[in-house]
Structure formats: structure tokens, C-alpha cells
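Protein chains: 2
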Amino acid sequence: MMTDQVTLNVAARFLSENDKYLILTHAHPDGDTLGSAFALCSALRRMGKKANVICPDEIPKKFSYLTAEGNQDFEPSTVISVDVADPKLLGELQEEYGNKVQFAIDHHGTNVGFAKMLYLDAKSAAAAECVYRVLKEMGAEITPFIASSLYTGIATDTGCFKFSNTTPDTHIIAAELMKAGADYDEINRVMFEVKSRGRLEMERRVLDCIEYVGDGQCAIVTVTQKMIKETGCDSSDMDGIAALPRQIEGVKIGITVREKVDGRWKVSMRTFEPYDAAAICQKFGGGGHIRAAGCEFGCSADEAKAQLKAVVLELLR
Amino acid sequence: MMTDQVTLNVAARFLSENDKYLILTHAHPDGDTLGSAFALCSALRRMGKKANVICPDEIPKKFSYLTAEGNQDFEPSTVISVDVADPKLLGELQEEYGNKVQFAIDHHGTNVGFAKMLYLDAKSAAAAECVYRVLKEMGAEITPFIASSLYTGIATDTGCFKFSNTTPDTHIIAAELMKAGADYDEINRVMFEVKSRGRLEMERRVLDCIEYVGDGQCAIVTVTQKMIKETGCDSSDMDGIAALPRQIEGVKIGITVREKVDGRWKVSMRTFEPYDAAAICQKFGGGGHIRAAGCEFGCSADEAKAQLKAVVLELLR
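Chains as they are written, first to last, in our numbering: chain A, -3 to 313; chain B, -3 to 313.
To be clear, the hints were calculated from the coordinates, so they are not data collected in a lab.
Treat the hints with care, as some may be off.
Same chains, same names: a pair is fine if it fits in one copy or spans any two.
[Said to hold, decoys possible] Taking lysine-lysine and the BS3-like style, the derived pairs with C-alpha atoms no more than 30 Å apart in a straight line are: (1) 191 to 96; (2) 57 to 256; (3) 222 to 191; (4) 16 to 256; (5) 84 to 175; (6) 256 to 225; (7) 262 to 191; (8) 112 to 279; (9) 57 to 248; (10) 45 to 305; (11) 58 to 248; (12) 58 to 191; (13) 46 to 16; (14) 84 to 119; (15) 248 to 175; (16) 256 to 191.
Assemble the whole structure, with the sequences as input and the hints as a guide.
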């Protein structure tokens, strides 16, 4: 299917002219796909349209405020997606909706072009920035609920304006959303301050098991299924654990070796210059980006780490 | 001494009309006092003025990029301060300069009015926001160095736009500074990502010793001088440790009991609604704000904690 990449103006017109929207999020939903979807849903309803959000997985508890406006009862006729770069990412919704998406709003330069029409801005830190622009183009009022939803997307996708994807426009839109009544203080607290006791226990155990390689330039931590079970961590508790080893002063290569449910070991690697995570992981059949990549091992964790250490030591030499 | 609180226009004129500036920061310098001082110093020099920054304490290593423009050799005749609310906070510089400050730029509503002239905006999240406004009023060019310095002040005083002092204007100024060339990505990394091995070891030990009181609504951690020595933490490594207990899910009262060099115990308390940290600490001769307060004990840590627990349990009941 050919995707028609459209301007803001065409995007706004499409949304104004259609009705009975089903808004899809990606699987393993994060703050951006959810915040974007519920903001758009609320704005469409305020225009007198019917609209619902559908998420392939359960919505993590900390995002429950986004669902406050509930579901409407109607037969959807216009399927749209937000923050979805590939129909594969629709998870359980792929089979039913993967080839039926009429309009997609996204910020991933890697969007595969599965929707009939696409509004994409790859310079945006979050899909929520794109949704904000579409809503402004439509002349939609940014209510406090919509502002909070979009702020959630922007703040979570940028690590609260910390990550390198943050742009001047990100800050300017955040300022507009705060003025429009976004509950930023509470959102920041829930997203960036509060840690579950399970998460804290996991951090304690992870800190207990750091292994340094190459004079402290590489740090390796191991997360077993036993640790996950004993700490009671769910997937949202595990967010950011893979970022921990590279945060250590002096560490250029941070590695997290995490046991999967099937007993295989998933390696997440984060690097700083000049080390290429994708190149290292490719040696083990994996891949990814230059600063964040991954691979998998079917052997024991010790054997996997021994292989990783050998390659890393060679590089650091 | 009466302080003359002046407008932006008068502040800018004062700086334009005088010369040979000595810019004072507060003791135990943070990113805001340093970023504000070095930004202002650089801008004054670019106007052809002589200017130096003087700091009562050693500048923490992570801020060393702010000192890149070095010192000038001249006899100062105009003393100004940035981010200093009280001459007591000048530390070792108080005796020499405490009553000689001609102009102060500050954002603390509690500024005691020690300078002859004061430009104060208590709604600003950081003194760096006030300095930015003064520089704009003077028509100063915001160079990449000045932008990085001011961004440092704003980002560090707001916990990277996370704390409740962050305003729409904070974000708008951040956007302007990014456009002017602030090295925000590296600053965010150094200020908010990198943790020293000492800091990590301290976190590990702190997580090892959490005591919960009142069904998990209160968490208490203890930091001894032995822990500080063994982990090799310096004062900047200890930043934010007092915030850890209140970050735990369900905790309404977070308490850090920290041994001072003289063997006494300093208590830092952080609370959420409805608990008043200042009121609790006042029972032990301390005080502070409603959400963050402190007190001290001369007895053993165990005895101090027993007294705190008794009061906290009574409140939580």
C-alpha cells in the first residue's frame, strides 16, 4: 500500500471531515502513545464526533488518569493510529486492524508507511508534539485534560526534557500545555519521582551485582527471572533498568543481561563515544542503534558474559 | 541598610554604567549560582567591562566548564551577587563583602535585602532566569557559553524541569537558550545521568537500610560518617540522597538521618500531603518548610529514630 504523507492542513481537514474514530496505540503502551491517543480522542469528542481509544495491552496503572473520560458506544468507521511506526507494533490488534489504518500520526523517521495517510514529523521528540500541532491546526481548544495527556507524552518520551531528542519546540509546547492547565507537577511526580518498592529492591540487587571490566570502562549487570519474581517487578518497574550501567561515572559500555521467561538471555547494551553498540551486538547476531543495541544468548549467563567481556576487553584495549 | 528593589530597566542601566565587577556566588555553590555568575561575567566582559566571579567554596568538578573563560587581573570596584538571599550564605566571603554588595540578582522571595539595589523575581525557578532577563534588557548577545551557563542554572534548580517551581517561562527561556547554542545534551548528561561509583555505592547501602514505619507510609534511612568515608562520597555526591525515602511508592513521610562530622545526627524530612514536615521537626527544635524540614539530635541514631518513629506513628494513626 502506498502511504500519502500529508501536511498539517490536510491532516486537520481529514479529522474534521470524518467521524466514528477508533484510535489505536502501540503494544506495551508508553506515556506517548497513550497520552497522544487520549488527547486526540477527547478533542474529537469535543467536536461532536464519536471516538474511542483501543490499546493492544493492559494500560499500566500509573497512566489510569488518561482513561478518565471512558468509552463511547458506537460502531467505528475511521481507524487511526498514534505513535505506531509499524503494524507489527500493534501487537494483538495487528491482525484485525494492521491493514485498515486510514490515518496515522507519528514521529518515527522509520515509519514503514502502513497507513493510507500519514502525518509525520520526525523532528518531534514525541508523537504528542505532532498531535498538539494537528489539534492547533484544527482550532481545537486545549482543555486541561488534553493538556495533561499531551504533557504526559512529551515528558515521558524525553525523560522529562533530559534526552537528546528534546528540542526548543518541545519546551515551547510544554510551556503552552502548562498554561492550558496540564497537571505537570503531579505527572512529573508519578512518572519521574515515585518508585515502587519492587523497583527499589531491584535497583538494590542490581547495584549488588555490578561487574566492572576494563578498568571500569564497562559495567555489566545481571537480572534473573528469580530477581524479577522475588521483587514483584512488572514491566513498567523494569523501565530504565537497562540504562543504569552506563550511568556510572567512567563507564563507556553499559551492559544488562536479563533472563527471559524462556530461559534465554537478552542483552541490552548502551554505549558512549567512540563505542558502537550495534557493531558489538552484531558479532552476536543482534543489532540496533549506535548507542543502544541488543542481542540474545541461548547459553548460560556466565558463558554469555564471558563472550561479551572478551569482545569488550579487546575493544577497550 | 534599605534595599532598593529595582525594575529590569534600572538593573540593566546599572550594569551598563558601572565597571570592574566582582560577582559573588553563595557558599556550597550549586549550578544556579555558578551558572548565573559566569553567564553574567561573560556578558559584562563582552561589553568591554572588567569582571570576575568569586566563589566562597571550591567549585565542584562537574561545573568546571563554567570557569573556561578564566580570571582577569584588575582591582574590583562594583560588588554584585547572584542567587544569594542572605549575606550569611556568602560563607567565608561574608566578612569582607557582606555589607558591600551594591547590586544583587535573586529569585528567593525570602531575600533579606542586604544589597543596596536588588533585582528580584520570586516567580523565577532559578536566578539564571533573572540573569537572562537582565541580559536581554541590556541587549547582550546570548553566546553559546552564556546559553550553556544559564541553562545549567535553570536545569539544575528545577531538577531538569521536574520540580514544581518550573513555570511556562522556565520552558520558554530554556528553548531560547537551546536555540542560542546551549550544550544541553552534555549538561543534562553530566548533571542528571552520570553517577559516581561512590554515589552508587551510597545508594546501595541506603537501600540496604530502609526502615518502614506505619505500614509503609514512612521510610527512614540512615547515613553514617563511616558510610560517607567508605564510599568516598563528596558533598555533591550526597545531593538528593535526602529525597530518596519519599520517592518510594506509598511513602508520605521520608526521613534521612545523617551523621555529621561532630557526631550529631542531622534529620532531613520530606513529606507529602497532609503531613507538615516543619511541624514535625519543630517538636525536636528544628523547622523548615511544609514539605521539607530538618532538625538535629545529640543522642545516638537509634534513640533519635525511636523518638521520630513515636511522633510519626502517632500522626499516621
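Hint-by-hint comparison with the structure:
1. For the homomeric pair residue 191 and residue 96, neither the shortest alpha-carbon distance inside one copy (39 Å) nor that between copies (47 Å) is at most 30 Å.
2. Taking identical chains as interchangeable, the C-alpha atoms of residue 57 and residue 256 lie at most 30 Å apart only when both belong to the same chain, with a minimum of 23 Å there against 41 Å between chains.
3. For the identical chains of this complex, residue 222 and residue 191 are neighbours both inside a copy (20 Å) and across copies (27 Å), given an alpha-carbon limit of 30 Å.
4. Taking the closest pair of Cα atoms, residue 16 and residue 256 never come within 30 Å of each other, the shortest separation being 40 Å inside a single copy and 65 Å across copies.
5. In this assembly of identical chains, the alpha carbons of residue 84 and residue 175 never lie at most 30 Å apart, being 37 Å within a copy and 37 Å across copies at closest.
6. When the C-alpha separation of residue 256 and residue 225 is checked against a cutoff of 30 Å, the pair qualifies only within one copy, where the shortest distance is 12 Å, while the shortest distance between copies is 39 Å.
7. Both within a single protomer and between protomers do residue 262 and residue 191 lie at most 30 Å apart by alpha-carbon distance, with minima of 24 Å and 25 Å respectively.
8. Proximity of residue 112 to residue 279 under the C-alpha cut-off of 30 Å is found in neither arrangement, the shortest distances being 38 Å within a copy and 67 Å between copies.
9. Taking the shortest alpha-carbon separations for residue 57 and residue 248, only the inter-copy value of 19 Å comes in at or below 30 Å, while the best intra-copy value is 34 Å.
10. Taking the shortest alpha-carbon separations for residue 45 and residue 305, neither the intra-copy value of 57 Å nor the inter-copy value of 55 Å comes in at or below 30 Å.
11. For the identical chains of this complex, residue 58 and residue 248 are inter-copy neighbours only, at 17 Å across copies versus 32 Å inside a copy, given an alpha-carbon limit of 30 Å.
12. In the homo-oligomer, the alpha carbons of residue 58 and residue 191 lie at most 30 Å apart both inside one protomer (11 Å) and across protomers (27 Å), since each shortest distance falls under that limit.
13. When the C-alpha separation of residue 46 and residue 16 is checked against a cutoff of 30 Å, the pair qualifies only within one copy, where the shortest distance is 5 Å, while the shortest distance between copies is 67 Å.
14. Taking the closest pair of Cα atoms, residue 84 and residue 119 come within 30 Å of each other only inside a single copy of the chain (23 Å); across copies the shortest separation is 47 Å, beyond that limit.
15. Taking the shortest Cα distances, residue 248 and residue 175 sit within 30 Å of each other only across copies (29 Å), while inside one copy they are farther apart (40 Å).
16. With identical chains, the CA atoms of residue 256 and residue 191 are at most 30 Å apart both within one copy (23 Å) and between copies (28 Å).
Violated hints for the displayed structure, listed by number in ascending order: 1, 4, 5, 8 and 10.
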